[in-house]
Structure formats: C-alpha cells, structure tokens
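Protein chains: 2
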Amino acid sequence: MSRGSERLGVSEDEHYRERAQRKKELVDRRIARATIDRGVIVVNTGNGKGKSSSGFGMLARSLGHGFRCGVVQFIKGSFSTGEEAFFRRFDDLVEYHVMGEGYTWETQDRGRDIVTAGAAWDIAARMMSDEQFDFVLLDELNIALAKEYVSLDALLASLAARPPRQHVVITGRGAPDALVEAADTVTEMRVVKHAFKAGIKAQHGIEL
Amino acid sequence: MSRGSERLGVSEDEHYRERAQRKKELVDRRIARATIDRGVIVVNTGNGKGKSSSGFGMLARSLGHGFRCGVVQFIKGSFSTGEEAFFRRFDDLVEYHVMGEGYTWETQDRGRDIVTAGAAWDIAARMMSDEQFDFVLLDELNIALAKEYVSLDALLASLAARPPRQHVVITGRGAPDALVEAADTVTEMRVVKHAFKAGIKAQHGIEL
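Chains A and B supply the protein sequences, listed in that same order.
Heads up: the first sequence begins at 1 in the UniProt record's numbering, then just goes up one per residue.
Heads up: the second sequence begins at 1 in the UniProt record's numbering, then just goes up one per residue.
With the rest of the complex left out, here is chain A:
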C-alpha cells in the first residue's frame, strides 16, 4: 500500500479495481466496435523465428474448432519435421502437402524448383477455390513469390475470390508489398537473438 493511498484512505486494492474497471470498459468498447465477422488473410514475415510455427499453432486452433484445413509447405521437404509427423495424423480434417524438395540451394536446379513450386501452387489455388476449406496454410510461400516461382497476381486473384469465411495464412520472409496490402493481419517476426548464431543446432520440437 503506498503512503499516498493511505493518506487518502483509499487502499491499493481499490485503486487496482478502479484501474481494472477503466481498462475493462476500454477493451469492451473496442470489442464492441469490431463487428465484422469473416475469414482473414494473415501474413507472417521478417527474419525472426516463429513465422511457420505460428501458422501451425493457428492450424491447431482451427482443428480445435473442427475446421477442415489445408496445408501446403512450399520450400521445406527434403527432411521430415515434427509438424508434418504430427498433423498428418489428422487426415480426416487436414489435407497436408509437402511440395518442396528442400531449400533451393539444396536442389541447385532452377527448372526443377519451378516445376515443384508450380505443382504446389496448383494445390493451393484449388484449396482457396473450395469452400470446404475453412483454413489454408501456405507455408514459406513468400520465398516462392520472391523467386518468382509463383505468380503474385495469381495469388492476389485467388485470395480475392476465395470463400468469404475462409482463413488463409501465408508465411516466409520478404512478403511482397501487394500481399501486405491485401492482408488483414501482418506480423514482422524480428530477430532479437537466435540460438543458431550462438552455435546451437536446430532443435527437434523447436525448429524441426
């Protein structure tokens, strides 16, 4: 209890209650103003950790609501991951595609990369045109956009024409400006520090 509060005969607990009450009113007003109810486009970009893992967290949330979900992983794929092992178990609700044959510096074959990305894009476009899909995760698509393996115009057209309640989450560093413009929620994952730079291997359960 602060001395000033004591002098006025008002306890710290009462101050706390008053502050909480004002905060509640503010939050309630904001919630009351947010009345639009529709599918959203979420973009996770930047150089920091958490872009893909956040996408997979939203996938888990969606499954918690019984949503029908689609996943296309555009770039990774030469190694198996924990997320793939886990989410492939729910094949009644999740259609899961890993289309990449590894990072492009692993394949060293531009022609093969373009064919692979094109096949992944065809699946993504089909999901976004199908109202059966409540949630679509296009993991590392921004990398394929930056390399022009996937057409930005085609993506923007698919997003604009998708079913109104469908959520689409797109991840990867270097999101193009026009995608940021089209999106509803965009987060830049900024590196403060990373274990890898301190010589720690990529860890199962964290990166893999």
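Everything hinted at is true.
Any copy will do: because identical chains look the same in the list, a pair fits if it lies in one copy or spans two.
Only pairs whose alpha carbons sit at most 27 Å apart, straight line, appear in this in silico DSS-like list of lysine-lysine: (1) K193 with K23; (2) K147 with K197; (3) K24 with K201; (4) K147 with K24.
Keep in mind the hints are simulated off the structure, nothing from the lab.
Based on these hints, arrange chain B on the given structure of chain A.
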C-alpha cells in the same frame, strides 16, 4: 537468359546452379559450426500477433517427436480456446493447465489474480524441475512477470537449474531484459497491421 550470359556462353541455369552451390556451401559451413545440442529457452514478445500461436506450433512439433510436454496458460482462461480443445486430447503426452481466470481487467481483483498466478507458477516450477518434461510452454508468463505476480528471480533460477535437454518457451508482451538475456532465441513480434483495428472480430482458428 541475359545477353551478358549469352555472350560468355554460360546459361542462366548454370549461373543459378553456381549461385545455389555457393549458398549451399555457406549454409553447410554455418550448420557445421552449430554443434551444441541442448534444450533452449525461447521467448516470444512484442505487441504483434503470433507469440502464443508460435508456442503452440512448437508444442505440435514436439508432439510430432513424441516429447512429453507441459503447458501453463497464465492469463487467459475465462473463455475456451481452440488450442485448449485441441491439445487436451493428447493427455498421454501433454499436461495442460489453464490457470488464469481471464485477463486481469476482467477479474478486477488483485488478490485473486496474485493467488491464481502463484498457483500457475507452482505448476510451472514443478515442470521445469522434472526431467520427464522435454518441452514446457509458459503462455503469457511475461504479463504475470510485468505485474509482479510471478517472481523474475524465481523464474531465472528455475530456468538455470532445469534439465539440460528441456526446452522452455515463454510468451507475452513486455519480456523483461533479464529474461531476454537468459534466453537462447528471442523474437519480437512486431505489428505491421491487425484485422481487429479494421473492425474485424477475433476469429476462431486465428485468435481463439
């Protein structure tokens, strides 16, 4: 094919292969330098979306590897979420606690908030002292630290003394400097834009 490349008789595909080869060597050298193999502390902070969902994505990854996992949600709890509905299904591998009784501005009772946070902390501390847990997610703990409901010193001591292979992920805006210092990987989720500000309700599968 660029004109310069043609003149030299080197195709764009060959250039691509050379660039990819150099990139591969660089990445391989970096991977070779990262030789330390141990549990990491990951902190997701900042005002943007993706702090908790990234934590839940890493939880899914961990389950993909068959890890034994613990989750304590410190602040949320007055409403049910997709992540809770989903991850509670895996009670053979996940011990899941939702300790908050809602945001503090909902309870409006500091005494009750402190008791609730203390009970959540006791569970978190027990998990971090138990080598059976491979992965521990302390969701929104930073909020409880900022409000001094949980002791930063106690947290730092538990982190330092935890089993060497255990991963701990801590989320919430306003991570304290000493926690950033102790952590291995820290990401600031920065808001570029958010649907809520455009009047769109929190969406199942995305925020809830």
